[in-house]
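> Fit chain B to the supplied structure of chain A, relying on the hints for placement.
There are 2 protein chains.
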Amino acid sequence: MALSTKEITLLELAKGAQQASLKLSSVSTGQKNQALECMADLLVENEKTLIDANAKDLVYGEEKGLSQAMLERLTLTPERIASTADGLREVASFDDPVGEVSETSTRPSGIEVSRMRIPLGVILMIYESRPNVTADAASLCLKSGNAIILRGGSEAFNSNQAIVKLWHQALEEVGLPAQSVQLVPTTDREAVSELLKMDEWIDLVIPRGGEGLIRSVAEQSRIPVIKHYKGVCNLYIDESADLNMAIDLTVNSKVSRPSVCNSLENLLVHQSVAEQVLPLLIEKLKSHTVEVRGCERTRQIVPDVIEATEADWYEEYVDYILAIRVVDDLNMAIDHINRYGSLHTETIVTNDESKSNEFLRRVNSSCVMVNASTRFNDGGQLGLGAEIGISTTKLHAFGPMGLRELTTQKFIVKGNGETRT
Amino acid sequence: MALSTKEITLLELAKGAQQASLKLSSVSTGQKNQALECMADLLVENEKTLIDANAKDLVYGEEKGLSQAMLERLTLTPERIASTADGLREVASFDDPVGEVSETSTRPSGIEVSRMRIPLGVILMIYESRPNVTADAASLCLKSGNAIILRGGSEAFNSNQAIVKLWHQALEEVGLPAQSVQLVPTTDREAVSELLKMDEWIDLVIPRGGEGLIRSVAEQSRIPVIKHYKGVCNLYIDESADLNMAIDLTVNSKVSRPSVCNSLENLLVHQSVAEQVLPLLIEKLKSHTVEVRGCERTRQIVPDVIEATEADWYEEYVDYILAIRVVDDLNMAIDHINRYGSLHTETIVTNDESKSNEFLRRVNSSCVMVNASTRFNDGGQLGLGAEIGISTTKLHAFGPMGLRELTTQKFIVKGNGETRT
Chain A
1 MALSTKEITL
11 LELAKGAQQA
21 SLKLSSVSTG
31 QKNQALECMA
41 DLLVENEKTL
51 IDANAKDLVY
61 GEEKGLSQAM
71 LERLTLTPER
81 IASTADGLRE
91 VASFDDPVGE
101 VSETSTRPSG
111 IEVSRMRIPL
121 GVILMIYESR
131 PNVTADAASL
141 CLKSGNAIIL
151 RGGSEAFNSN
161 QAIVKLWHQA
171 LEEVGLPAQS
181 VQLVPTTDRE
191 AVSELLKMDE
201 WIDLVIPRGG
211 EGLIRSVAEQ
221 SRIPVIKHYK
231 GVCNLYIDES
241 ADLNMAIDLT
251 VNSKVSRPSV
261 CNSLENLLVH
271 QSVAEQVLPL
281 LIEKLKSHTV
291 EVRGCERTRQ
301 IVPDVIEATE
311 ADWYEEYVDY
321 ILAIRVVDDL
331 NMAIDHINRY
341 GSLHTETIVT
351 NDESKSNEFL
361 RRVNSSCVMV
371 NASTRFNDGG
381 QLGLGAEIGI
391 STTKLHAFGP
401 MGLRELTTQK
411 FIVKGNGETR
421 T
Chain B
1 MALSTKEITL
11 LELAKGAQQA
21 SLKLSSVSTG
31 QKNQALECMA
41 DLLVENEKTL
51 IDANAKDLVY
61 GEEKGLSQAM
71 LERLTLTPER
81 IASTADGLRE
91 VASFDDPVGE
101 VSETSTRPSG
111 IEVSRMRIPL
121 GVILMIYESR
131 PNVTADAASL
141 CLKSGNAIIL
151 RGGSEAFNSN
161 QAIVKLWHQA
171 LEEVGLPAQS
181 VQLVPTTDRE
191 AVSELLKMDE
201 WIDLVIPRGG
211 EGLIRSVAEQ
221 SRIPVIKHYK
231 GVCNLYIDES
241 ADLNMAIDLT
251 VNSKVSRPSV
261 CNSLENLLVH
271 QSVAEQVLPL
281 LIEKLKSHTV
291 EVRGCERTRQ
301 IVPDVIEATE
311 ADWYEEYVDY
321 ILAIRVVDDL
331 NMAIDHINRY
341 GSLHTETIVT
351 NDESKSNEFL
361 RRVNSSCVMV
371 NASTRFNDGG
381 QLGLGAEIGI
391 STTKLHAFGP
401 MGLRELTTQK
411 FIVKGNGETR
421 T
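Same order as they appear, the protein sequences are chains A and B. The first sequence begins at 1 in this note's numbering and counts up one residue at a time. The second sequence begins at 1 in this note's numbering and counts up one residue at a time.
Bound-form chain A, shown alone (with noise of 0.2 Å):
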C-alpha cells in the first residue's frame, strides 16, 4: 500500500517516539528528573507566551461556540502553570520504578530469574481540551522512561504546540532525545486512525474525554487501549451499618464533587434499615439541592421521592442526582452492582466482618472499599502520586494508574553455562 506524504510523517513520528524509547528506557534517574525540573522552570519562565498561545485559542473556541465549562477548562492562567510546574516537581520526586528487580529465584536447573521492571515503550494520549495534560501526562511518561505521542484537541492546538516546544527545549538541555515528547502535528481525524494501526510502533493507547471518544478510539485500535468509559458509583449501607456513618458516606460521595467520575450514583440500602435511615438521609440530601430517584420501597418509606427505572441503575448522573434502591440483603446488593455497575468503585457500609469480606471478595470492581466515601479512588488518594488514567478493564491494570502501571516487567537470567537437554 502506497502511503501519503500525512502518513509518512506520522510513521516518522511513531518510528521517532520508538527510537526514542530505546534511548529512555536505560537513561538514569537523575537525568529524568533534571528534564523534569527544566521544564518546571520553563513553564514558570515561559507564562507570558504560553498565556499569548493560549489566547488564540479561546478566541478560536469563542468564535466555535464552545461552552463556558469547556472554555473554562481550557484557559491557562499564571495560578495553573504555577500549579503545573509544582506537579512536575512532585513527579521529580517520586521514586522510579524502572530497573527494579525482583522475585529472584534459583530454580532447578541452576539458573536464577528474577523479574525487572521496564518501561511499556510508546505511549499514544488522546484528549481534549485542558491544555495541562500536555504536560502532566509526558511527565509521568518520561518518568517511566516512555516516549510519548500527543493527541490533543483542535480547541487547545496552539496553546499544545507552546507547552510541547518548552519540552523539547528541556529535553534538549538535559541530552535527551526531542522525540521523547511529540504532538502529533495536526487535529485530523483520520490521522488519529493511522496512528491506532501502529501497533509495531506504538504500545499503548490512553483516551481520555467523552464516552463517545473512549468508544471510537477502542473500536478502531490494533494497539491496546487503557480506559474506562463511566464511573457508576454505587454504596450500600448494611443491616449492620452505623447508621449515621453511612449517612455522612452517602453524602460525602455525593456532593463532595458531583462532575467527577468517584462521585456516588447509586444508593443500596438493606430493607430493614430502610425505613430508618431513609427519611433522614434524603432529607439531608435534599438540603444539598440533590434530587431523588426511588424504587418502589423506597417510595413507600418517602413517598414524595421521583421513581427510577431500570435505566437509572446504569446512569452515570455526574450531577446533583441520586438513584435509590431498597434491596433484600447482601446478596442482592452484590448482584445488583455486577449486574449494573461499572466496575469503578463501591462501598459497603456494615459493622459486621463477615459482611465486609464477603462485599470485598464478590464484588468486581476495580476500587472496593468499606466504611469509606467513594471519592477516595484516585491515584493520589490511595498512594500511586500521579494518576496518568484510570481503567476499568482488567488487563494490565485494574483502577487508577500511576508511575508502576506505565511499566512492565521482562524475565532476567543469570546462568553459568546450564544448557537445557
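I should point out that these hints are in silico values taken from the structure, not numbers from a laboratory. Quick caveat: nothing in here was measured; it's all calculated off a predicted structure. Among the hints, erroneous ones may be present.
No copy is singled out in the list; a pair is fine if it fits within one copy or between any two copies.
As the list claims (entries may be wrong) - Only pairs whose alpha carbons sit at most 16 Å apart, straight line, appear in this in silico EDC-like list of lysine to aspartate or glutamate:
hint: 1; residue 1: Lys64; residue 2: Glu307
hint: 2; residue 1: Lys197; residue 2: Glu219
hint: 3; residue 1: Lys414; residue 2: Asp352
Okay, now just chain B, sitting in the frame of chain A:
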C-alpha cells in the same frame, strides 16, 4: 442491528461464561482442585471414548490431506491422555493466586489501601490441532478462577467435544457451573469474528497457532489479545566470553529442539573473538546438520558458509538453520537485537559483569539471559508451573504466562467512616 440465530447463540454462550466467571471468582481453592482431580480421573476412565472420537477426526484429517506432522499432533494415545491427566493433577497442586492481599498501607486520610488478586473473568482461547490444549488451558483458567471459551480447529472438533463433555461432568459433580468451560459449537470463521467483538462479556483472547491466525485475531479483536507472532532468538558471544561455554550454549540453543519458539535463530559474535571461536563452532553445528548462513565477516573466516541477507536477521527458521553475524561491539549487538529481534529471548555469553548488566538492562525482550541457553524460556523452567501462552506484547504480561498472569489486582480500601473534603 438484528442478530441472527447463530449470533444469539454465541451471545448466550459469552453471557453464560460471564455468569459462570462471577461464581468462579469466589469459590474455594478446594472446590476448584476437586474439579481438576475429578477431570483427571474422568479422562483416564473415558480413554476409549476419547480415542474413538479422535479416530473420527483422524479419518477426516487424512481425507482433508493434513500433513503427517499435523496428524501426529492431532492424535490422542493412552499415554497422552495419562500425561494430560497428570498435568491436571499438577495444576491442582499449585498455589491459588486468587484472593491474595498485598501492598497494604495506611494513607494520610486514615483509609487502609491494599490490592487483592482476582481472576480476569472470561478468556477466549483460539487454537489449532492439539486436543490436549482443551484440557490443559481449561485447567489453568479454572484454577485461576476464570471461565474459558474454547475455539479449537475443525480438524479436532470431535476430540474437543468429547473432552469438553467430560469437563461438564467434572464441574457438575463438584457443584461448579458447567458454563465455566465451553466449546464454541461451530468452527466457522464468522463465529470467531463475532466473538472478537464481544468485549462486554469476554476479557481476554489468547490465540495459539501460526502467525496468520494470530494476526487475523489481533486485527479483528476489540478484546485485549495476548500474543506472540514469532521467536527470533539471539545469542551474543562477547569478547570476554568463555568460548567453550559459548559453543555449548549456541549448540544447545539451536539443536536441542529447533521446532520451538525459544530455539536460537541468530548468533552474534564480537569481532575480537570471531576468528578464534567461529571455525570450531561452525564445525560443531554442521556435525548436527545445521545449515549456517553468515555475514561477510563470517565468510572471511569460514569461507564455505552460505551468504546471509538482511532478511535472515528477521527470520524464524524453526529448523536446522542458523544465521551468524560478526559485530563490532556490545552496542552493535544490542542495536541488532532491538532492531531485528522479536522481543522473545536473548542471551549474552560473557564473564564481564558490566557487560552483562548493560545487556540485561538495555535489551528490550521479554526474557533476557546471561550465560544460559535460550531454551530455558518457558513457564516450567522459569518457575511459573504450567504455561498458558507467551506474550511478546508488553501490556499485562511479558514473557511466559502462568496462573498469576491469568489474574489481575483490584484495590480494596478499609475505612472507619472517612469522608473526603
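> State for each hint whether it applies.
Hints, one by one, checked against the model:
1. Lys64 with Glu307: The answer is neither: 39 Å in one copy and 63 Å across copies each exceed 16 Å.
2. Lys197 with Glu219: For Lys197 and Glu219, both the intra-copy (11 Å) and inter-copy (9 Å) Cα distances are at most 16 Å.
3. Lys414 with Asp352: between (49 Å within a copy, 13 Å between copies)
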